[in-house]
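**Q** Build out the structure end to end from the sequences listed, making use of the hints.
Chains as they are written, first to last, in our numbering: chain G, 1 to 114; chain S, 1 to 515.
Some hints could be false.
[Unchecked claim] Distance windows between CB atoms, simulated: (1) S:M442 with G:Q99: 43 to 53 Å; (2) G:S36 with S:V407: 27 to 37 Å; (3) S:D104 with G:K101: 23 to 33 Å; (4) S:V148 with G:D8: 57 to 67 Å; (5) G:S87 with S:T33: 25 to 35 Å; (6) G:R22 with S:D104: 25 to 35 Å.
[Stated by the list, open to error] Which stretches of chain G does chain S cover? Using the computed rule of at least three CB atoms under 8 Å from a CB of chain S, they are: (7) 19-26; (8) 29-40; (9) 65-73.
[Unchecked claim] Counterexamples of contact, computed for chain G against chain S with all Cβ distances above 12 Å: (10) T2; (11) V3; (12) K4; (13) L47; (14) A58; (15) H79; (16) D91; (17) E94; (18) Q99.
Treat the hints as calculated values from the structure; they're not laboratory data. Glycine is no exception: its CB is placed at the ideal position from the N, C-alpha and C atoms.
One-letter residues, chain by chain:
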Amino acid sequence: MTVKECYDALGGNYDEILGRFRNEDRIRRFAGKFLSDPSYDNLIKALEEGNMDEAFRASHTIKGVSQNLSFTKLYESSHELTELIRSGQTDHLENALKQVKEDYERTVAAVKQL
Amino acid sequence: MTAWKVVEMSRENENKQKILIVDDSEMNRWILTDMLMDEYEILEASNGVEAVAMIQKLGTDISLVLLDIVMPEMDGFEVLRIMNKYRWIDDIPVITISAESTPDFMERAYEAGVTDYISRPFDAMVVRRRAINTIMLYAKQKRLIGLVTDQIIEREKSNGLMVSILSHIVESRNGESGLHVLHIRTITEILLRQLMKKTDKYHLSKSDVSLISMASSLHDVGKIAIPSEVLNKPGRLTKEEFEIMKTHSELGAAMLKEIPQYQNAPLVRVAYEIARWHHERYDGRGYPDGLKGEEIPIAAQIVSIADVYDALTSERVYKKAFTHEIAMQMILNGECGTFNPLLLECLMESADAVQYELKQDAASQSSEKEIKKIAEEMMQHDDLTTSERNLRVLEHERIKYEFLMSVSNELQFEYTLVPPMVVLSEWGAKRLGISKVIMDPMEGGKLSGVMGEEQMEELSSLIRRSTSDDPVVRYECDFRLSDGTKRVQIVCRSMWSIDRPPVYTGVIGKVLVLS
Chain G
1 MTVKECYDAL GGNYDEILGR FRNEDRIRRF AGKFLSDPSY DNLIKALEEG
51 NMDEAFRASH TIKGVSQNLS FTKLYESSHE LTELIRSGQT DHLENALKQV
101 KEDYERTVAA VKQL
Chain S
1 MTAWKVVEMS RENENKQKIL IVDDSEMNRW ILTDMLMDEY EILEASNGVE
51 AVAMIQKLGT DISLVLLDIV MPEMDGFEVL RIMNKYRWID DIPVITISAE
101 STPDFMERAY EAGVTDYISR PFDAMVVRRR AINTIMLYAK QKRLIGLVTD
151 QIIEREKSNG LMVSILSHIV ESRNGESGLH VLHIRTITEI LLRQLMKKTD
201 KYHLSKSDVS LISMASSLHD VGKIAIPSEV LNKPGRLTKE EFEIMKTHSE
251 LGAAMLKEIP QYQNAPLVRV AYEIARWHHE RYDGRGYPDG LKGEEIPIAA
301 QIVSIADVYD ALTSERVYKK AFTHEIAMQM ILNGECGTFN PLLLECLMES
351 ADAVQYELKQ DAASQSSEKE IKKIAEEMMQ HDDLTTSERN LRVLEHERIK
401 YEFLMSVSNE LQFEYTLVPP MVVLSEWGAK RLGISKVIMD PMEGGKLSGV
451 MGEEQMEELS SLIRRSTSDD PVVRYECDFR LSDGTKRVQI VCRSMWSIDR
501 PPVYTGVIGK VLVLS
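**A** What follows is the structure, given as structure tokens:
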């Protein structure tokens with residue numbers, strides 16, 4: 001799978017990342033490292049334990065990292081989740097989390113094929 | 001990797017400027033490192049506590065801090081607050097790299113002293129450019145400050161030299177040793193520092209201290225105009241002769257008043273006050289103007305008391321030297337004039353420092369020739385400026401210390417008062433099973449897992465009772481290590497500043513496991 005195909009599959013913005021990172025080599029390296037980033041696991045764990053401070057930080061980190069890697073879909077859903085946790089609106093949390101899960105899994109699946 | 005390659009690489013790293021990246025996301029640190037590692041040596045911290053510890057340790061060796069805001073343990077705003085509190089931010093630029101970029105947020109960050117911000121997503125070109133620009137700007141400013149500082153030091157040196165020459169001429173005509181001038185200067189400086197600690201009612205700054213001490217050397221400049229039959233008369237002065245002698249304060253003041261160009265120069269202004277009024281008395285019965293209480297400028301008040309103290313404790317043709325205790329008794333009894341009670345307090349409180357420093361003066365005078373020789377030799381190596389030389393020595397010591405601490409299998413620690421934190425040796429932290437850096441260790445029982453609160457209290461009171469002359473403290477107690485409780489001896493040394501009198505700054509030490 002080429003880098004462009006990977007980005008298309010995970011709902012990212014290939015042109016944008018290439019513009020910022022300058023070369024595909026760098027993109028490959030960091031997209032690969034995304035797989036070992038612990039933030040997603042931290043988020044799930046923190047939400048299970050009801051630790052909202054930690055959940056906020058983890059969600060915030062996913063948002064930052066996916067924004068940096070131009071994983072646009074995951075960025076959008078983690079952004080929404082982060083804001084919901086920040087404002088304490090726990091009733092809509094379920095849907096937002098579902099979207100993050102879906103985008104995360106889709107991203108991981110695509111990156112693994114890179 | 002072959003050995004020479006390792007050497008080559010570390011040498012390369014030494015010449016590179018250092019950037020500290022503070023972000024809790026390893027991924028973000030990686031991306032930034034990747035973008036900057038060609039030109040800079042990268043240091044990483046994953047939260048605010050680690051960042052503060054690194055800045056405290058390396059200081060201006062760090063050329064730039066890239067700072068995330070939302071982090072666990074200690075967030076970016078708290079890091080900025082500490083950097084402001086200890087004025088690190090004046091020397092180390094900070095760029096925020098937070099994902100937050102609302103106007104409110106940015107305003108808060110700018111107000112906390114950040115130079116710039118890099119918004120996410122990171123753009124390789126923007127990151128590099130902002131880093132380069134910020135570092136260049138600060139480096140330029142630092143070079144300028146260094147230049148100006150060196151120039152000021154040079155000018156101060158020649159100012160001081162001129163004043164010394166002049167006062168020596170006065171003193172030698174007076175048949176007194178140059179020591180008197182030196183003593184007055186030393187006592188004046190100590191009293192001023194003590195006074196500054198006690199009150200700010202005289203609005204004294206650090207530069208006032210050096211100005212007044214320097215000007216004190218000229219207190220008797222008027223004596224140059226006193227006929228030598230009177231000035232050097234071996235026996236008691238007649239009433240008329242004493243009246244002539246008394247004119248030296250007005251004469252000195254008049255001389256300083258007649259200096260054509262420099263009437264507004266602070267040194268001349270202060271020297272005038274001292275020369276004219278150092279024989280005034282707090283009760284208004286002194287000369288030449290009979291000024292009373294706070295009408296007498298503080299500089300003159302201080303030199304007056306320094307003059308009396310030194311006259312009493314030094315040997316003169318007509319008298320032997322009194323001991324410190326007798327001199328103090330005589331001054332406090334009002335046998336040698338009346339003084340501002342606050343200054344008497346200052347003199348009593350800094351008695352130890354005064355006695356110690358006066359001894360140093362005597363020693364330094366006998367070795368003056370030697371110092372001059374060293375100074376001349378140093379001047380020949382003028383390729384290195386003062387500030388640079390000092391920095392290199394410091395840097396060398398720091399590297400040495402850090403290296404020895406990292407390789408030793410010992411439980412070493414360093415406690416600094418400002419900011420309040422404990423740094424443990426790597427091995428020590430492992431042995432105790434706690435983190436290497438602990439902020440505010442005395443608060444909230446942060447160290448109670450290691451030793452009992454009571455013992456902690458006992459140890460710190462022992463340390464508080466140590467002095468700069470006797471700084472070593474030994475203390476035995478039980479200590480909880482990761483492999484069980486052991487009997488240990490804590491050997492530590494309190495650290496003191498080079499101020500006079502010295503100020504307590506922290507503790508360094510080792511924990512020795514007994515049996």
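**Q** For a quick check of understanding: which of the numbered hints are violated here, in increasing order?
**A** 14 and 15
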